[in-house]
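Asks: Input sequences plus hints: build the corresponding full structure.
There are 2 protein chains.
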Amino acid sequence: MISFLDKTWTDVYKPTLILRAEVAKANIAWMADKANKAGVRFRPHFKTHQSAHVGQWYKEAGVTAITVSSVTMVQYFARAGWNDITIAFPVNIREVAAINELASKVSLNLVVESLETVSFLAKALTHAVKVWIKTDTGYKRTGIDWQNIRGVVDLAKSIKQHDTLHFAGLLAHAGHSYKEYTLDRILDIHQQTLSRLQELKSELEQAHFNDCELSLGDTPSCSLADDFTGVNEIRPGNFVFYDVQQLTIGSCHEKDLALAVACPVAAKHPERGTVIIYGGAVHFSKDFAEANGTKKYGLVVGGDNDKWAFDKDAYLSAVSQEHGTVKLPADVLEQVNVGDLLLIVPAHACLAVDLIRDYRTFQGEKFRAWS
Amino acid sequence: MISFLDKTWTDVYKPTLILRAEVAKANIAWMADKANKAGVRFRPHFKTHQSAHVGQWYKEAGVTAITVSSVTMVQYFARAGWNDITIAFPVNIREVAAINELASKVSLNLVVESLETVSFLAKALTHAVKVWIKTDTGYKRTGIDWQNIRGVVDLAKSIKQHDTLHFAGLLAHAGHSYKEYTLDRILDIHQQTLSRLQELKSELEQAHFNDCELSLGDTPSCSLADDFTGVNEIRPGNFVFYDVQQLTIGSCHEKDLALAVACPVAAKHPERGTVIIYGGAVHFSKDFAEANGTKKYGLVVGGDNDKWAFDKDAYLSAVSQEHGTVKLPADVLEQVNVGDLLLIVPAHACLAVDLIRDYRTFQGEKFRAWS
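Protein sequence lines, in the order shown, are assigned to chains Z and U. For the first sequence, the positions run 1 to 371 when the numbering used here is used. For the second sequence, the positions run 1001 to 1371 when the numbering used here is used.
Everything labelled a hint here was simulated from the structure, so no lab data went into it. Hints may contain errors.
Below, a list of computed lysine-lysine pairs in the DSS-like style, where the Cα atoms sit at most 30 angstroms apart [to be verified]:
1. Z:179 to U:1014
2. U:1312 to Z:295
3. Z:268 to U:1179
4. U:1268 to Z:179
5. U:1268 to Z:201
6. U:1268 to Z:140
7. Z:130 to U:1268
8. Z:295 to U:1295
9. Z:157 to U:1268
10. U:1014 to Z:123
11. U:1130 to Z:268
12. Z:14 to U:1160
13. U:1014 to Z:140
14. U:1130 to U:1201
15. U:1327 to Z:140
16. U:1014 to Z:105
17. Z:268 to U:1160
18. Z:59 to Z:105
19. U:1179 to Z:295
20. U:1366 to U:1025
21. U:1268 to Z:123
22. U:1140 to Z:14
23. U:1179 to U:1295
24. U:1295 to Z:179
25. Z:160 to U:1014
26. Z:130 to U:1014
27. U:1312 to U:1255
28. U:1295 to Z:327
Short, incomplete list of chain Z residues facing chain U, as computed with Cβ under 10 angstroms [claimed, not checked]:
29. 10
30. 112
31. 371
Label pairs and their in silico Cβ distance ranges [what the hints assert, rightly or not]:
32. Z:59 to U:1022: 45 to 55 angstroms
33. Z:140 to U:1083: 47 to 57 angstroms
34. Z:364 to U:1124: 20 to 30 angstroms
35. Z:205 to U:1179: 50 to 60 angstroms
Glycine included, C-beta positions come from ideal geometry on N, C-alpha and C.
Replies: And the structure:
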């Protein structure tokens, strides 16, 4: 394994996102194809890459509808030409002025879970939007509990009363799948999510809501499952790059990892088997993947150019504000010099992208995520 | 305890830094006075606030020299008129062009720990800089081990050989003090740091380095210690705002907390005693304070205006990308409505500032950290 970038990328001075563009494009094509075969709408989550440039790769794969997690991201992607956007976050009613402006330009999908929010929107919205009911199928973060049939039906009725609110269906995020580490457990959660949503949909149909769509979409389930019976759309995001957390869960293989961070080496400590990189919590966040009691904030990339290889003993073991501590096997450490770049696949790609924003590809493209 | 901001701050739409400016100014005055009484130079770390506006408060307290942790921050604060700046991070030699440009304008202090870096600088620098030897007094992140006398003396000799490198002294960061939770243990570490640096300084004096200054500066030690014998400068940063981590360690009291994040409430879940805020890992990072096995990503602020009060059962208990889950006692939760703002003191102020950047004060000032 070698530190291979410093010779070719002399204009990388500080932590920078490095993309294997062909891998990301293959991930997109693969998921688009999977959605197509399953007969479901593919509405990928763009919070992972936050980039109009990467968005273009989705357009080329036939994608026309997207998911984001904030009003700010709708503004950014609407400017980039996207016009069918879901904000997969319970409406932040303080941003209603911006929501109104956006709803006048694009087809906007909002997510609600309370009568309070529906009442507010009914009064404050000046343009029509689609409204999904956030349903909690077991993650217990947001949403109405799937067993609270009366709560869901009442909310759907309330939505239907108002001209500007068009009831779209039930939207769920099985975020608890990120805590699982076996294929069977992830598929169990996926099947449970499906059956709970279908059960609730039947109840809504009995209450004469016949146009209830089902939307779901965590990356582990969408990567590993093949059964999407009754589902109308999927919303995975992380799969475009994957990361060490997804690799640890088993959602992807090493060959599917598309994103790394190039970090300058600032110091070497052979006596403790570490090097210090310029690359810390303000670049990687403090998220980690944990296996066998070892926390890994990232994996060191070896190999040649975009042919990546990994070594379980080469990883980002600690981060403070700007400092990263990288563990390396002795024979690798010996080859590294101060001033070299180390490439590191982040534990959580979405957060590293949000923090760094400057991308480049092995083909020499440079672009920036929203700012 | 009440949610008190939504009535007055109708133009806060998303997570925003809220400062008790008077508290921050009092923290600055207190630390400046402490340094003054101890006869040490006060070179505060500006990575915590990253703001020219807050920097002005330091100028008004008589501060003329500062510390930062990246070349980018030097560029920002040099533009704001600061001209004596230390980068407390082992030199990132890939940024030597920017370093040269800065060294032509301001008095620049660099930190080194290897002959490799000194050789590089000797060849590449076009303007004189001051050079500190990073000394590891026990934290084991960066620096030459304090017991490696030969290594330190050799490095000092190497520095002295070059006209553009002016040997300044020994610089240490006792970052292991952040892991302690009692006054005695923090003071033990502080005394150990002092004696180790003094011992090494004596060795340098025997090797005829008579102008060796000592620089140290973690917030816990600088907050709690009074003995700075032999020290020439202190570099604390976090103390300007403090945060939940420092409160948990015991470096400060609740009255010293100057920074909170205002976050819109997006959903309520009385059945599990939580509300969901717009405020997640992209605002707070994933850093936390831990006490008695409970992880707290932030503390909810109660009280009236800038008279803050806290409740141990009201805290930010989980963060994902944009979602924050806040635990609240039943009687508090009852008073909170969707669309209200909750004020939350972050676990780690430096990272929340780096992520959010938009400040406002209770006096109505609005400003932005570097961008």
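Asks: Each hint should be assessed against the structure and marked as holding or not.
Replies: Hints versus structure:
no.	hint	in the structure
1	Z:179 to U:1014	holds, 29 angstroms
2	U:1312 to Z:295	holds, 29 angstroms
3	Z:268 to U:1179	holds, 24 angstroms
4	U:1268 to Z:179	holds, 24 angstroms
5	U:1268 to Z:201	holds, 23 angstroms
6	U:1268 to Z:140	holds, 12 angstroms
7	Z:130 to U:1268	holds, 22 angstroms
8	Z:295 to U:1295	holds, 17 angstroms
9	Z:157 to U:1268	holds, 20 angstroms
10	U:1014 to Z:123	holds, 21 angstroms
11	U:1130 to Z:268	holds, 22 angstroms
12	Z:14 to U:1160	holds, 29 angstroms
13	U:1014 to Z:140	holds, 23 angstroms
14	U:1130 to U:1201	holds, 17 angstroms
15	U:1327 to Z:140	holds, 13 angstroms
16	U:1014 to Z:105	holds, 22 angstroms
17	Z:268 to U:1160	holds, 22 angstroms
18	Z:59 to Z:105	holds, 19 angstroms
19	U:1179 to Z:295	holds, 17 angstroms
20	U:1366 to U:1025	holds, 16 angstroms
21	U:1268 to Z:123	holds, 20 angstroms
22	U:1140 to Z:14	holds, 23 angstroms
23	U:1179 to U:1295	holds, 15 angstroms
24	U:1295 to Z:179	holds, 17 angstroms
25	Z:160 to U:1014	holds, 29 angstroms
26	Z:130 to U:1014	holds, 23 angstroms
27	U:1312 to U:1255	holds, 15 angstroms
28	U:1295 to Z:327	holds, 27 angstroms
29	10	holds, 8 angstroms
30	112	holds, 9 angstroms
31	371	holds, 8 angstroms
32	Z:59 to U:1022: 45 to 55 angstroms	holds, 52 angstroms
33	Z:140 to U:1083: 47 to 57 angstroms	holds, 54 angstroms
34	Z:364 to U:1124: 20 to 30 angstroms	holds, 26 angstroms
35	Z:205 to U:1179: 50 to 60 angstroms	holds, 57 angstroms
Checked against the numbered hints given earlier, the structure satisfies every one of them.
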